[in-house]
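Once you have looked at the hints, place chain E on chain B.
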Amino acid sequence: MTDAPEKVVELEGVTKEFAQGKTVALQGIDLTIDSGEFVSLIGPSGCGKSTLLRIIGDLVEPTSGKVTVNGKTAHQARSDRDYGIVFQHAVLYDWRTVTKNIALPLEMLGWPRAKRADRIKEMLELVELTGFESHYPWQLSGGMQQRVSIARALSFSPPLLLMDEPFGALDEMTRERLNMELLSIWRETRSTTIFVTHSIAEAVFLSTRVVVMSPRPGRIAEILEIDLPQPRTAETREDPRFFELVTELRESLHRGGADQVFEKLAPEGDG
Amino acid sequence: MRGRAGNWVPALIVFFVGIAVWQWVLSPLAGKFLLPRPSAIAKAFWDNRHVLVNAGWFTFKEALGGFVIGSGAAILVALVFARFQRVGSALMPYAIAASAVPIIAFAPITNAWFGVLNPHSKWAIAGVLCFFPVLVNTLRGLRSVRPEAIELMRSYAAGDVDIFRRVRIPAALPFIFAGLKVATVLAMIGAIVGDYFGGAINALGVQIENSISLFDFALGWAAIVVASTFGIAFYAAVSVAERYCVRGMTST
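Here the protein sequences line up with chains B and E, keeping their order. No gaps in the numbering here: position 176 of the first sequence is 176 in our numbering, and each next residue is one more. Whatever position you read off the second sequence (first residue = 1), add 271 for our numbering.
Quick caveat, the hints were computed from the structure, so don't treat them as lab data. Possibly wrong hints are sitting among the right ones.
Cβ pair distances, simulated, as ranges [to be verified]:
id: 1; chain 1: B; residue 1: 230; chain 2: E; residue 2: 411; range: 45 to 51 angstroms
id: 2; chain 1: B; residue 1: 230; chain 2: E; residue 2: 433; range: 37 to 43 angstroms
id: 3; chain 1: E; residue 1: 384; chain 2: B; residue 2: 75; range: 48 to 54 angstroms
id: 4; chain 1: E; residue 1: 279; chain 2: B; residue 2: 233; range: 54 to 60 angstroms
id: 5; chain 1: B; residue 1: 113; chain 2: E; residue 2: 433; range: 15 to 21 angstroms
id: 6; chain 1: B; residue 1: 125; chain 2: E; residue 2: 500; range: 54 to 60 angstroms
id: 7; chain 1: E; residue 1: 431; chain 2: B; residue 2: 174; range: 32 to 38 angstroms
id: 8; chain 1: B; residue 1: 135; chain 2: E; residue 2: 433; range: 20 to 26 angstroms
id: 9; chain 1: B; residue 1: 109; chain 2: E; residue 2: 279; range: 45 to 51 angstroms
id: 10; chain 1: B; residue 1: 230; chain 2: E; residue 2: 356; range: 47 to 53 angstroms
id: 11; chain 1: B; residue 1: 18; chain 2: E; residue 2: 332; range: 51 to 57 angstroms
id: 12; chain 1: E; residue 1: 321; chain 2: B; residue 2: 113; range: 50 to 56 angstroms
id: 13; chain 1: B; residue 1: 135; chain 2: E; residue 2: 356; range: 32 to 38 angstroms
id: 14; chain 1: E; residue 1: 360; chain 2: B; residue 2: 75; range: 25 to 31 angstroms
Ideal placement from N, C-alpha and C gives every residue a C-beta, glycine not left out.
Looking at chain E on its own, in the form it has when it is part of the complex:
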């Protein structure tokens, strides 16, 4: 991690200037009702902090379930595709085609399949969203290895398992993490959109929907800030795991 505090200063200045412009320029222009001022959003958050943080945690768990299932399945499928080229070339076009489908449109359907209150309905939608970026990145990583690196392993009479374990998977790790980071964001989106089509009352998506439909925009914005915070924390957690794993490979 870059520990230099100085690197953060420009970003912090932009942040505070942005908040100030919003508070004193944009909100007055757009009308405080439609675009509440940051101070009003902060107050709404503080007044409802227990409900909002609980809701954020609840929806984060929905996202996490989908992330684990979707990414795990994607990595396994990528391993199979990389090992069995024929299977990969037979199925990959469909995987790419399927990734172009606006998957969020299926949220009402998964809600119907598993039940709106069942977290599995949100796992399903978040999982499917996570699947494709992780699959594509993992495959690219597994195939990124120079042919000589494989020949070298074969010269040691290494079998497929050793080649995957010692060369292809370590070489793919940076790619896998790139996919996982994209997946964290998609998992949060999937869980929240899943909530929009019906979910438990303590789910963040439901909170956002309810407050907006009651014209409590300040509370809606506060809930969005909570969603973003959980999303950023999720992304950061995966980044930390990446630093640990990609470096940790060498110290085993």
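Next up, chain B with everything else stripped away, as it sits in the complex:
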């Protein structure tokens, strides 16, 4: 806590095996993420990046290794609601309106009604969905649904935001717009963000660091610092440095042995 910068996630020798050790999903992962970082995990399907995200969130137990989140065990961090999570599918509850979906974690935290209403209003402004309070999820487009899901994840101001290919199912235009929105939300909330993606351009555009993972057994092949200036804007995508970094990341993925698998990459994600 006294260190500057503060460590939000520390992974030491994290390994995950499935099917009694027949499948090694992750092997010897060491990674430290500091407060306020935006770290992307990128790699071919089946490299275990979604599993790694779930291990940080204590939704999957590692076979061995040490996971520290906010200076606590991952389990304690989950019990303390230290993180919000966004999945590839918005996972909104159909029987709840937009307002009620965002309210869900706040209800679980026992917030009084008035405080909930204030926060929901703020969150709707943040994701630009004011006016859609009483819509049901099925009345929204895919991009809007995902924005509700982001608002829900951030509603209780968790210090950590975990995102598992949140824009993977959206079209390119919507994806680019939501990338911009996500960055402005990130600047505003200063939530440390861990972002799983398949998209090289998306990883470069969003991140302060990109963690390149190799195919199964998943290992960290390389970590790239993204030194593009902040705040990033539409012009960032036209910056020569952006293209250099995209090329660097692509080459790094190929060195990591992703070539064969990478062609098969479909937006539906890995396990």
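Leaving out everything else, chain E in the frame of chain B:
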């Protein structure tokens, strides 16, 4: 509810054409004795309306008792099976096997157990008939939830009770109601068949049986129409409850 009167017009035309064909084609062909004309059935109903409606109400109450017990038990068992996977996988094969048994065959036995005049004998048979469709549908509903929806709840440190209350049960409601609607029909069948093997004189099944054995087919048909009307009303009542509940979940 679809409030558009126009949607009902084709169905009404079919109804009246059907009645007309029955009245002037089918009955004359089959013989008015074996297949009474709708007009004769209507007259039989009118002449016996108090007895028939009372009998319908009596048998409906038998069906309702079985429906409540059978469906209630099925929902509880489904919750246990969904919560304790091991129990579910140990017992579900037997539940499926038991559902293939022609349960109506047990009607004389439940009559013997509880006594023909005791409504419990009809509750038992109607309840057992309701049990399986509600169990199977509820379980399917409780298991229909995406794994991410559960992971999301766990990320909020939610326990099992919260996950069931806030996610699994609301997600299962449409499935539960599908099961309940099937169960309304089965409950009426169970109660009436239970009556056939002996019941109170004011029970609808007994009325149908007696009038047929006296060759009063018009009265028998009138009683069947009463049974159907109660059955349809029962189904409609559950459909209305469904609209209220499945929508009402959102306004709490």
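Status of the hints after comparison with the structure:
1. 230(B) - 411(E): 45 to 51 angstroms: 50 angstroms, holds
2. 230(B) - 433(E): 37 to 43 angstroms: 39 angstroms, holds
3. 384(E) - 75(B): 48 to 54 angstroms: 53 angstroms Cβ-Cβ, so the 48 to 54 angstroms window holds.
4. 279(E) - 233(B): 54 to 60 angstroms: 59 angstroms, holds
5. 113(B) - 433(E): 15 to 21 angstroms: 18 angstroms, holds
6. 125(B) - 500(E): 54 to 60 angstroms: 55 angstroms, holds
7. 431(E) - 174(B): 32 to 38 angstroms: About 36 angstroms separates the Cβ atoms of residue 431(E) and residue 174(B), which means 32 to 38 angstroms holds.
8. 135(B) - 433(E): 20 to 26 angstroms: 25 angstroms, holds
9. 109(B) - 279(E): 45 to 51 angstroms: 49 angstroms, holds
10. 230(B) - 356(E): 47 to 53 angstroms: Holds, since residue 230(B) and residue 356(E) (Cβ atoms, about 48 angstroms apart) stay within the stated range.
11. 18(B) - 332(E): 51 to 57 angstroms: 56 angstroms, holds
12. 321(E) - 113(B): 50 to 56 angstroms: 54 angstroms, holds
13. 135(B) - 356(E): 32 to 38 angstroms: 36 angstroms, holds
14. 360(E) - 75(B): 25 to 31 angstroms: 28 angstroms, holds
Hint check: no violations occur; every hint is consistent with the structure.
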